[in-house]
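Asker: Sequences are here, hints too, so could you generate the full structure?
Position 202, counted from 1, in the sequence shown is what the UniProt record's numbering calls 202; the numbers after and before it change by one each time, with no gaps.
Certain hints may be false.
What the hints assert, rightly or not - DEER-style ranges, computed between Cβ atoms:
#1 T4 x L356: 39 to 49 Å
#2 R174 x V387: 24 to 34 Å
#3 T383 x H110: 40 to 50 Å
Note that these hints are calculated values from the structure, not bench results.
Cβ atoms here follow ideal geometry from the backbone N, Cα and C, with glycine treated the same way.
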Amino acid sequence: ELPTRVVDLGIAPVGVESHPDSVRVLCPQGMRAEYIALSHCWGGMIKTVLRKSLLAEFQKAILTSSLPRNFRDAIAITRKLGIRYLWIDSPCIIQDSRSDWDKESKTMGHVYRDSFLTISAMAAEGSEGGILGPWPTFDFPKPTTLRVFRRGDENNAVVRLHLDHCVNFPSWSRETVQSPLNSRGWVLQEKILSPRNLYFGSKMIYWKCSEVLQSSDGAPMLKGYPSHVEQYHAINAIVHPNMQHKPPADNLRSLLNDYYSVVGEYTSRKLTVASDKLPAIAGISSILAPKLGQYLAGLWYQDIHSGLLWSTAGGPLSKTSRTPSWSWTSKDGRVSFPGAESDSRYDLDEWKLQILEYNVSLRNPVIPFGEVTGGQIIIQGWTMPLVGRKDVV
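Answerer: Written out as structure tokens, the structure reads:
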């Protein structure tokens, strides 16, 4: 099913003059069709965004020349792939409507999960950076030097071939992991939830799905760069159940450990809006909830004894945060969960931990995985002396 709004790259509606260089915003209302999603960096203000006053106009036509370069390139790629519909956040979410943002952020995970594929503008630091090349080309065949190694009178020889052109290409790590786009907090769930990804780097295109990672030059990918499928095996078995991968035997423990790993990676990234800390991974949390149960401001009730042992090397509690101090969302910086280890030291029965009372205040009660405004938890268990700074709790 298509999202609430998509950019229609096809024929204009009846009564509206069709223009080959225009697109329009479509409200599909339950229509089913394939669509592509765009993952990109805003990089400041975007000149063409959807506002309440512009909805009727956008539904008629938007000149592609008025769109940022990233959007124009995404339109060209989508058309080349033979897909009619494209989802981009700024023209598909009403930017001056908090209620529309709440509604759309709640379903953001499904936007990427249900897409045909996601176009990732890895190298573009802003909306005008561009997705499409130009990329360098190389002439082949390319002269090279063969070094032959022979030991004594042996009949066999070892030949070593060095392909100079490979040095000119950034590695998969530099093109994607260290790219401007990959520093964004929102992008992690976009990457994990998308069934297929087309990564457009500065000098190469990469295809990524549950089965293969392949660069556009056709060269075999180097080993040593684990994919998100391998990193989050248990999560991917739930997010993409049709994958040809069996879930881990201890699925619940593996699922929790995967979630804590996701939070660790996620908290090392940047968010433009601090209050997006929970909404930006709400898509993942909402999909895991049927398996993991009650969600408490980024932690899980059934594993609270492990979750509460989070730690971070970041600074003091955020003065602007309204999230509870016992949640990892109350501090900035990369978070780790030492209590998530499969070790008897952190077993719930061993610690005799009981949750006596808890509550979490949501900014919007209909968004259970979204922004929180407060919360408390009362637990009972064994204690031990603790020496720490006054800003810890």
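Asker: Work down the list of hints and note, for each, if the structure agrees.
Answerer: Each hint, compared with the structure:
Range check, T4 to L356: about 41 Å between beta-carbon atoms, so the 39 to 49 Å window is met. In this structure the supplied range 24 to 34 Å is violated for R174 paired with V387, their Cβ-Cβ distance being about 43 Å. Under the hint 40 to 50 Å, the C-beta atoms of T383 and H110, about 43 Å apart, fit the expected range.
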